[in-house]
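Asks: The primary structure of each chain is shown beneath.
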Amino acid sequence: GGGGPQSGGDSKLTGDKIVLGVLNDQSGAYSELSGRNSVKAVEMAIADFKAKHGDDAVTKDITVETADHQNKPDVANSKAQEMVDRKGVDAILDVPTSSAALKVADVAKEKKKLYFNIGAATTDLTGKSCNKYTFHYAYDTYMLAHGTGTVTTEQVGKNWYILYPNYAFGQDMEKSFTAAITAAGGQVVGKDGAPFPNTSGDYSSFLLKAPTLNPKPQVLGTMQAGAELVNVVKQYNEFKLRDKGVGLAVGLMFITDIHSLTPAALAGTTYTDAWYWNFDKQNREWADRFQKETGTRPSFAHAANYSAAMQYLEAVQAAGTDDADAVVKELEGKEVNDLFLRNGKIRAEDHRVVHDAYLAQVKPQAEVTEPWDYVKILKTIPAAEAFRTPSPDCKL
Amino acid sequence: MSGFLQNTFNGLVGGAFYALLALGLAVIFGMLRVVNFAHGAFYMLGAFGAYVLLAEAGVPFWAALVIMPLALGLLGMVLERAVIHRLTRLDPLYNFLLTFGLTLILQDLVKSRYGVQSSPYATPTELSGTVDFGLFDFPTYRVFILGFTVLLCVAVWWVLGRTRIGMVVRAATERPELTRAFGIDVGKWVTPVFGFGIALAGLAGVLAAPMRAVNPLMGADLIIVVFAVVVIGGLGSIFGSVAAGFGIGLIQAWGEAYLSDYPLVSQTVVFVVMAAVLLWRPAGLFGREEAPA
Amino acid sequence: MAGQPILSARGLTRDFRGFRAVDRVDLDVAPETVHALVGPNGAGKTTLFNLLTGFLPPSGGRIELAGRDVTGLPPERVARLGVARSFQITSLFPQLGAREHVELALQASSGLGWRFWRSAKLMRRYRDRADELLAMVGLADLAEAPAEALAYGRKRALELAIALALDPKVLLLDEPTAGMGLEDVDRTVDLIATVRTGRTVVMVEHNMSVVGRLADTVTVLQAGKVLVEGPYEQVRADERVITAYLGAADAAH
Amino acid sequence: MLRIENLSAWYGEAQVLREVSLEVAAGEVVTLVGRNGAGKSTLLRSVMGLHPGQRGAVHLDGRDISRLPAYRRARAGLGWVPDDRGAYATLTVTENLTLPPRVGPDPWPLERVYEAFPALYARRDSAATMLSGGEQQMLALARVLRMGARLLLCDEPTEGLSPLLVQQVGDLLREAKKHGVTVLLVEQNLHFATGVADRHYLLAEGRIAEAMENAEVRSRERELLAYLGI
Amino acid sequence: MTSAVETPVEKPAPRSGLLTVARAPGWVRYALLAVGLAVALWLPNGLYPAVAVDILCWALFAVSVDLLLGFTGLMSFGHAAFWGTSAYLTGLVAIHAGLPFPAAVLAGALGAALLALPIGYLAVKRTGIYFAMVTLAFAQMVYYVANEWRSVTQGENGLQGVPREFFGADLTDDYYFYYAILPIVLLGLLAAWRIVHSPFGRVLVGIRDNPARARALGYPVHRYKLTAFVLSGFLAGLGGGLFAVGHRFVSLDVLHWTTSGKAVIVVVLGGIGTLWGGVLGAALVVRLEDWLSFSGFEAIGLVTGGIFVLVVLLFRRGIWGTVAHLARRRAAMRRDRSG
Ligand SMILES: Nc1ncnc2c1ncn2[C@@H]1O[C@H](COP(=O)(O)OP(=O)(O)OP(=O)(O)O)[C@@H](O)[C@H]1O
Ligand SMILES: Nc1ncnc2c1ncn2[C@@H]1O[C@H](COP(=O)(O)OP(=O)(O)OP(=O)(O)O)[C@@H](O)[C@H]1O
Ligand SMILES: [Mg+2]
Ligand SMILES: [Mg+2]
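Residue numbers (our numbering), protein chains in the order written: chain A, 2 to 397; chain B, 8 to 300; chain C, 5 to 257; chain D, 4 to 233; chain E, 20 to 358.
In short, the hints are calculated from the structure, not lab data. Incorrect hints may have been included.
Keeping only pairs whose Cα atoms sit at most 25 Å apart, straight-line, the calculated PhoX-like set for lysine-lysine is [stated by the list, open to error]: (1) A:Lys293 to A:Lys110; (2) A:Lys110 to A:Lys88; (3) A:Lys192 to A:Lys133; (4) A:Lys293 to B:Lys118; (5) B:Lys195 to A:Lys41; (6) A:Lys110 to A:Lys129.
To spell it out: a stretch of chain B is covered by chain E in this simulated footprint if at least three of its residues, at any positions, have a beta carbon under 8 Å from a beta carbon of chain E; those stretches are [stated by the list, open to error]: (7) 12-22; (8) 55-62; (9) 116-129; (10) 234-241; (11) 278-286.
Virtual Cβ for every residue (Gly too), placed ideally from N, Cα, C.
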């Protein structure tokens, strides 16, 4: 046959079942912070949903499909299409890496299937590339920059030197940070775009330059991510910049990064987090369950996947159908409080899901009392402030 | 001025890694006519091994600096015996392909065991300070890397170029059958040389561990730059590879420091230099005329 | 030695990292003659060949082919100007058959080699001529054999066939009879005697009886320089040639 | 000293040597003549242990060496002058000479080698493949003399040499013989062969067709030349 | 200096010999052709159409690599440069000029061929393993340029929304798109076949086996190699352009060195110097990757790397090469018995 989904007849649900598709990186740079454990998180959500609604549930048959997109947009593209066409997926979840995320947004729009992006940071998902079926769930560059930039300027130092990887994400972060810093009364005394990808892994020329700037920066803001972040931090310590009076703020950091660098290497560093497992009792309890399932502590991406799956199922339940347009209508404007979304709201204008965010600081090694409990939360940034206002670029 | 000197110093340190990797590549190539694509993967294994030793057995940096090259050298020897060896009579391209496949395998093995996250590795405390050079100060660890690498390169160059061992090994690899007919047990030599080249890559990896992110992909893109370096220096030439390694390190560091508005420059400068060398001296700056391949 | 030389060198020099292999050689090859180059091993004969055929660029001096300056031209250009050569150390296409070698050589001058949009069947037009040439050098029954399976002497013969296929004005042969059995030597000498009509042949040869039977002019090189030049009988008797090259006791060989 | 029994050799499916048996006594110079492709080089390679597809026995000093790897055979005193001269591109002339270990009681010192071959001395620091064809031939011969091999397997050592040098090679071989070196020589040049050898074997189509004393060859030279040229 | 490189100094005989041009009897060839065509026509009915489209594109890519590797003796480890450049060009032309997709693909392929000119000019100065490294390095340079030239390529976000314009026809369904590109792909394969079996192809084989000899015959070796390189670049570009339209999108991955490596795996698996082996290899590798990514098996590199190692160690002729070899052996045996 010529492809295309088969219709399930008169049932309200196509094929009388719901299929959730987790499409993410299961072998590359983001596999630990999300990866296959996000599939576990989604399975937990299904179990909880069934436990909660019992026989009232829309259908008994709720399953999860998953695929590895290897952080490659072309793979993401074909996997997303295959998920919809061949596996009957009703909603796609996660999709880290901005390029892949944007590509899948196209697929969602074309195939009219829901798409909850969790892993990607680009604000384009709620800007010029937004569409009716795409929801941006967990975080974005604005949230990261705004929180860290504002609070660090107020509390640590006004003069910044910004080092960013010279590509869309990095440039985006640099602009957002600069805006946040200036708005908070600070100034950026220097900024440099480092090559991306940086094959040599060397940042020494930038790090050597930082303390010699005039006026001398009090904060080095690094926008590097993943392995590049690790390189910057290692070399930051090697050149003893903290001793020279230059503190460190990080644009994008995951708990897994702290784990690999060790808290000792990062003590005192500030960054913005979307969710923290040891923040309160509710988080902690869920984190304990999660650890039983997976053997590790959850990152915010795991919690967000759980939450997104749950919200989708609730919406289908409420709409009584898995018809995408009906579910979208159900979701738009909804206000939520759950494990992940605190004071959450699914904005109808641009499908940005807003919620409280947190300014976190890495504890000194001495204060780390249990594995993975690496940070203290300095401040909760209220949902209304944490995210940008809907962009005029977005026309759903 | 002090800024310039600092950047120069940094370039040499960065170049030291290129030089060590290029040296291993050149040694293996010179002796076996094998271009070892997996060299970057062994560099990664060196760094990773150091991390695993530290994290799981508490073995410190200094011990790792000895253990890892030895262990990897041994692994290299096993590999040579088990697979590389079978291809010696064939076009060297087959070994290039084989080691390419090996690279994918090694990377994925490490990845599936330890994940892709970077692993922590601290600078050894003895070297964690800075050295005061009057005009500027510089991390002790970097000074150590530079001194250590230069010494090592000189030693290797001397052994291969000036001693009987070097001579036998060169002969054995150029025409193994003939050399056997002259009473030399060729098999005895090839394997250790391969192991030695791999050990050099492992050594570079251990040296990199405290400075750079330790993860399964750390050698993947690096190796391509190193290929360009050896093309520039002349693959057959030990001296050329090392010199080109330091040279490219310097050019990159200067480019990064003074042309930081043009990141493309520092990324591609090595390839531009390579193109120029190909135009001007196809055999590489220090290369002999190409052995007919 | 009438007329203008077809191939001439003036002050031709070649250095290898400070070692001078060919040293200001002046050479004039008269058209339609057989010109032999002899000299002790290492005198620079092969190097001179490489210079004349463009395989090595000279360090100094000038080469003219029929009055035209060809100094520094790449080998394929020199070849297409009508200079064919054989190699001292056999150089063939190991996996191609003997006939395919000759066909490839016959095709070289036609420009057919660029037709990537035409069928290779076009090359069949050369088959008859190729078989003829193979028969001439005694390889008729080995036309299909891949070159790598030929014994050394056969390879030398194939070299010759290829060179002839180019139908050159000037044929440069580097030790055409080396490694051949006696009968093959005779056959080769006869062959060269046949093909020389209308051609110029320059050859390097250690076998003095071959030189004696074929050469009109003999140039003796020593240490990169021209030692003596003249007709065979005269050169043979030259005191300097005997000490430097022939040796006092050399008999009929 | 060398005894070959029923040696057969193949290239793939093609049989090149057919049950060859021959003997070389200590101190003798024996030539192997035959037309192109008769299998002469293959025979020498088989004796050296370099030819994979072979069957039969090779005895050196009464000891069966047919199972030894090539390098052990060399150590037992075999010296090979290959037909392609076997010069190393990555080694200088001096290194080419000093590479092989000494394997016999009377290895030539380097000085003596250079005295005998001044042309090599002049090029001592060049890569060996940069030498002219003839110089490479000298190098190959000089190399086995320096090893002090007791039995030389020379594959057309005069090919491409100038007449003067051919005489010198003849002198060298005679000189070597005087010192008790045994030689198995492959030659096309009958004239040269009779000048140095004691006995001759004629190899035709992979078989020993005839064995002759030197005097016999001289007297039958014309006939043999014709035979070789068939 | 260039000419000195090929001075006929002591040259060891080539040590392996990649295969020579294979010849099968006529009826076998026609039968194979018929089967091949039938499979090509049926493919999207048996496979997910998007996967089938990928197979077609990769088949062209593999054949272009084999044209160099198998028939000119040059292993390009940087062919992603042409595949990818064409993908970007095709995408840009399709987006900005709104041309029908075959025209955009043609433009992309021509662009790739143009890029092959300078890269080839430099690369053919070296042979063997050096050639592989040089092409690899240049391809990496192209990758960096595309990466930095964000205003045009959209950097790592990729070029989104490449249209499948074809005179208003609706080709959004991959099933129909497959049949739309099939003729183009077949034309490309036919071109490769013609090149290999042309007088030009014969010269290439000669050059592959002994460049110095070829020069002495009067063949300008560098120019022949360069021509082959450019032709190969064009074919790779054809595949890359179709790939871009097929995915309606271009990402930096099309230029990454792993893409070049994958192309070589495909060829080696199919059989070096067999041409059609590349098509077979493409089908297998693309299908396998598709299957793996849904299988939950995380270490894809382990599988592709493993294939590489196994093929190189045990199976050097590749699939097509092995089959052809066995067939030839049997034919020879039968001839022996009857003769
Ligand atoms: N590598 C090979 N593959 C197949 N056949 C070969 C090979 N080498 C040699 N032969 C064949 O083996 C036979 C003997 O070859 P060999 O080299 O021993 O002869 P030869 O007597 O030394 O001849 P020549 O005087 O030309 O050196 C020849 O017919 C040749 O064609
Ligand atoms: N590529 C090279 N590099 C360095 N030296 C070289 C090179 N080619 C030749 N020579 C040297 O130049 C000299 C002349 O060599 P050539 O090959 O021309 O000698 P020839 O006269 O042909 O000798 P033969 O009769 O032995 O073949 C030799 O001493 C040789 O070592
Ligand atoms: Mg010569
Ligand atoms: Mg022989």
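Asks: Each hint needs a verdict: does it hold in this structure or not?
Replies: Do the hints match the structure? See the list:
1. A:Lys293 to A:Lys110: This hinted pair is violated, its Cα atoms lying about 37 Å apart.
2. A:Lys110 to A:Lys88: holds, 18 Å
3. A:Lys192 to A:Lys133: violated, 37 Å
4. A:Lys293 to B:Lys118: holds, 23 Å
5. B:Lys195 to A:Lys41: It is violated: about 53 Å lies between the C-alpha atoms, which goes past 25 Å.
6. A:Lys110 to A:Lys129: holds, 14 Å
7. 12-22: violated (count 0)
8. 55-62: Coverage by chain E is violated here, the residue count being 0 at a Cβ distance below 8 Å.
9. 116-129: holds (count 3)
10. 234-241: holds (count 4)
11. 278-286: Three-residue rule met by the stretch 278-286 of chain B, so holds; n is 6.
In this structure, the hints that do not hold are numbers 1, 3, 5, 7, 8, in rising order.
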